[in-house]
Amino acid sequence: MAGVKALVALSFSGAIGLTFLMLGCALEYYGVYWPLFVLIFYFICPIPHFIAKRVGDDSDAASSACRELAYFFTTGIVVSAFGFPIILARVEAIKWGACGLVLAGNAVIFLTILGFFLVFGRGDDFSWEQW
Amino acid sequence: MSGFLESLRCSECVDWGEKRNTIASVAAGVLFFTGWWIIIDAAVKYPQMEDFNHSYHACGVIATIAFLMINAVSNGQVRGDSYSEGCLGQTGARIWLFIGFMMAFGSLIASMWILFGGYVVKEKPVVYPGIAVFFQNAFIFFGGLVFKFGRTEDLWQ
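Top to bottom, those sequences are chains A and B.
According to the numbering used here, the residues represented by the first sequence are 1 to 131, in order.
According to the numbering used here, the residues represented by the second sequence are 1 to 157, in order.
Just to be clear, a hint being listed does not mean it is correct.
What the hints assert, rightly or not - Over the 10 Å line for every Cβ pair with chain A, so calculated as not near, a few chain B residues:
(1) Gly29
(2) Val30
(3) Val78
(4) Pro125
Stated by the list, open to error - 25 Å max Cα-Cα, derived BS3-like pairs, lysine-lysine:
(5) A:Lys53 <-> B:Lys45
(6) B:Lys45 <-> A:Lys95
(7) B:Lys45 <-> B:Lys122
(8) A:Lys53 <-> B:Lys19
Claimed, not checked - Covered by chain A, according to a simulated footprint, are these stretches of chain B (three or more residues, beta-carbon under 8 Å):
(9) 21-28
(10) 31-38
(11) 59-68
(12) 129-140
For the record, the hints were derived by calculation from the structure and aren't laboratory data.
Even for Gly, the Cβ is constructed at its ideal location relative to N, Cα and C.
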């Protein structure tokens, strides 16, 4: 039951983050949809972790070179998601207010993804079929 | 007032021992990719050749190659206490690391040269691309150092 509560909370915060992103794009004052490309960063940011989990051996080591490389690339994707709207605002493709909204959405979404992995990534016996 | 920082023990509230490699990896990632976004910013802001000579990008590329070379060999390989010899052995690892660090220092020095020789001395109206090249290389360089020396290989065993 705790898993369901956490899932509902996480999906709520994810919806809040996407709302920030859409506000930055769709408000009539802004009205430019370039920031939607940060969605790509949202989708590819867990991929290094998945690759490292599949490739790395399941030994009891506290860390491994493969996992650290995955953290490095995940950080790069997150930094890119924050850098991209700032560059868009710098070249005046979008307004600075829209950039701020997208950055706020970024922060909420990445905290949601992190929370998802903290809540559901630990348990090894967790499977989707349990519900 | 005196000694009130002594009660502030930050090393005990977080378990650094287990998390050290993770934190170092994240810090290195932040530094490296911030560096690249700085140069992207300069490139989109000043696309003209006279503001920002495109050949100055070579500096950051060399720094990135040096980053990869430095971090491709482990410290254990250089000290010679790893289990496998690798294809070239300890001497090969040392030479590889030596070339990598030479490229890293070289790109850092070259970026300073670009900043001063290309922008400050010539008194160009726009200095920002030179500063961006310098900061890009500085960020990549320190990211490489953090990724190399911030992690400990004891956690891999």
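These are the hints, each one checked on the structure:
no.	hint	verdict
1	Gly29	violated, 3 Å
2	Val30	violated, 6 Å
3	Val78	holds, 15 Å
4	Pro125	holds, 19 Å
5	A:Lys53 <-> B:Lys45	violated, 39 Å
6	B:Lys45 <-> A:Lys95	holds, 15 Å
7	B:Lys45 <-> B:Lys122	holds, 20 Å
8	A:Lys53 <-> B:Lys19	holds, 17 Å
9	21-28	holds (count 6)
10	31-38	holds (count 4)
11	59-68	violated (count 0)
12	129-140	violated (count 0)
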